[in-house]
Each structure stands twice: as structure tokens, then as C-alpha cells.
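As given, the protein sequences belong to chains A and B, one line each in that order.
The first sequence stops at residue 104 when you use our numbering, and every number in between is there.
The second sequence stops at residue 104 when you use our numbering, and every number in between is there.
None of these hints come from the bench; they were simulated from the model.
Note that the structure is predicted; figures quoted are calculated from it, not measured.
Check the hints yourself; a few may be wrong.
As the list makes no split between identical chains, a pair holds if one copy fits it or if it spans any two.
[Claimed, not checked] Straight line, CA to CA, 25 Å or less: simulated SDA-like cross-link-like pairs of lysine to any residue:
1) K54 x D12
2) K32 x G17
3) K54 x R10
4) K74 x V63
5) K97 x N59
6) K74 x F92
7) K32 x N89
8) K74 x E104
9) K54 x D87
10) K97 x D24
11) K97 x T14
12) K54 x T98
13) K54 x R80
14) K97 x E78
15) K97 x Q4
16) K74 x F102
There are 2 protein chains.
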Amino acid sequence: MVQFVHPSREDITLAGVLAALADPVRLRIVKSLLDRNGCMSCREAAPCPDMAKSTLSNHFRVLREAGLIRTSKQGVEHRNVVREADINARFPRLLKTIVAFSE
Amino acid sequence: MVQFVHPSREDITLAGVLAALADPVRLRIVKSLLDRNGCMSCREAAPCPDMAKSTLSNHFRVLREAGLIRTSKQGVEHRNVVREADINARFPRLLKTIVAFSE
Chain A
2 MVQFVHPSRE DITLAGVLAA LADPVRLRIV KSLLDRNGCM SCREAAPCPD
52 MAKSTLSNHF RVLREAGLIR TSKQGVEHRN VVREADINAR FPRLLKTIVA
102 FSE
Chain B
2 MVQFVHPSRE DITLAGVLAA LADPVRLRIV KSLLDRNGCM SCREAAPCPD
52 MAKSTLSNHF RVLREAGLIR TSKQGVEHRN VVREADINAR FPRLLKTIVA
102 FSE
């Protein structure tokens with residue numbers, strides 16, 4: 002069974018969050034997850050329908066390792082949710098400010 | 002004579018700014034420049050006095066190419082200033098929000 006690695010709240014770093022969001026595709030994924038206000042599968046959150054699955058998986062891995070999203074397995078799907086409470090506790094207003102500039 | 006390349010305001014991208022600030026050393030350089038409210042030589046803005054000159058130059062180059070600082074030659078020194086007006090015009094509140102979390 003796949004185990005996802007999530008950093009604890011205290012281990013979320015500013016550098017990690019900024020680096021993860023510095024990619025326009027990843028920023029759009031986070032924005033999509035926030036806009037839909039909840040869980041989405043990787044496929045639903047993909048900014049381009051024709052994006053290779055491996056590329057998409059890599060983007061989700063980077064977001065997960067930065068502490069921006071939490072992934073869980075539900076049946077055959079991976080569901081993703083933005084860790085808003087954790088990010089806002091560590092860096093108040095940061096996520097909202099950055100996501101507002103996403104195209 | 003050394004010519005420094007600075008992107009125009011319109012060419013400053015969110016991805017470029019976030020990637021440049023995702024490095025703790027570069028973030029501290031920007032914070033130092035902002036705190037001193039004006040120009041500083043590369044050496045003055047160095048977060049560690051024993052940092053290699055080439056490492057420091059590279060950090061300044063990344064910041065410059067992202068549109069975060071403007072470098073000019075004054076005598077034998079390079080003077081640096083944060084392009085606050087340009088960054089704030091492109092991404093209001095972004096710089097202030099991120100720099101506030103710099104250690």
C-alpha cells in the first residue's frame with residue numbers, strides 16, 4: 002500500500018512553500034483545490050487535461066513534501082486537500098496573498 | 002564595463018519572484034536591503050561575512066534577474082536597491098508579506 006509522507010506543521014518551511022508555489026502549474030493546482038473547497042483527485046486538479054500522469058504525480062509530490070497538501074487514498078483514487086490551517090498557522094496570510102496572483 | 006541586465010516591470014513574473022525568494026540567503030539579502038532603506042554594496046548586504054564572493058554574486062544575479070533588485074556600478078562598487086515600486090505594482094503586498102517571515 003502506498004504511504005504518503007507529510008511533514009509535520011513545525012517542519013513546514015518558508016523556503017519549501019515558496020519553491021513549491023514558484024511553479025505556475027503547482028500554483029494552479031493549489032488554487033483549484035482551494036476554489037473547490039475540498040478534496041480532489043489528482044486528475045480533477047490537473048490544470049491541463051493532457052498532462053502526463055507522471056508529471057502530475059511529481060507536482061503533487063512536491064506540494065505534499067512542502068506541506069501544502071495532504072494526500073489520502075480513497076478506494077482507487079488519491080484525494081488531495083490543501084493544508085490551509087497548517088500553512089496559515091505557520092505563515093499567516095502568505096498562501097492567500099500568493100494564490101490571489103495566480104492566473 | 003559590466004552591464005547589468007534588469008527585466009522591465011512587465012516582465013517580472015510571480016514564479017521568478019517566488020523562486021528567487023525561496024532561498025533563505027537571498028531572502029535575508031532582500032530583507033537587509035529593505036531594512037537599511039537604500040543602496041548597499043554586495044559585501045554590506047551579505048548575510049554571512051565569510052560567504053564566498055562567487056556565491057554572493059550568484060545570489061545577487063538571481064535576485065536581479067527576477068526583478069527584485071537593481072544593481073548599479075558606483076566607482077569600484079556595485080550598489081543594490083530593492084525594486085519595491087516595481088514589485089508592489091506587479092504583486093501588491095507580496096514582498097512585504099514574504100519578508101515578514103524572514104528569520
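Tell me, please, which holds for K97 and Q4 at an alpha-carbon limit of 25 Å: within, between, both or neither?
neither (29 Å within a copy, 37 Å between copies)
Check K54 against R80 for me: Cα-Cα at most 25 Å, and say if that holds within a copy, between copies, both or neither.
within (15 Å within a copy, 46 Å between copies)
One pair to classify: K97 and N59, alpha carbons no more than 25 Å apart. Within, between, both, or neither?
This pair counts as within: shortest intra-copy Cα distance 23 Å, inter-copy 30 Å.
Within a copy, between copies, both or neither: where do K97 and E78 come within 25 Å Cα-Cα?
neither (28 Å within a copy, 39 Å between copies)
Identical-chain pair category, K32 with G17, by Cα at 25 Å
both (17 Å within a copy, 18 Å between copies)
Can you tell me if K32 and N89 fall within 25 Å by alpha carbon in one copy, between copies, both or neither?
both (15 Å within a copy, 22 Å between copies)
Between copies, within a copy, both or neither: which fits K54 and T98 at Cα up to 25 Å?
neither (29 Å within a copy, 34 Å between copies)
Homomeric proximity label, K74 with F102: Cα distance no greater than 25 Å:
Neither way: K74 and F102 sit 31 Å apart in one copy and 33 Å across, limit 25 Å.
When Cα atoms must be at most 25 Å apart, do K54 and R10 count as within-copy, between-copy, both, or neither?
The answer is neither: 28 Å in one copy and 35 Å across copies each exceed 25 Å.
For K97 and D24, with the copy left unspecified, which applies at a CA distance of at most 25 Å: within, between, both, or neither?
both (16 Å within a copy, 21 Å between copies)
For K54 vs D87, is the C-alpha pair at or below 25 Å within one copy, between two copies, both, or neither?
For K54 and D87, neither the intra-copy (28 Å) nor the inter-copy (38 Å) Cα distance is at most 25 Å.
Please work out whether the CA atoms of K97 and T14 approach to 25 Å or closer within one copy, between two copies, in both situations, or in neither?
both (16 Å within a copy, 17 Å between copies)
The structure shown violates the earlier hints numbered 1, 3, 6, 8, 9, 12, 14, 15 and 16.
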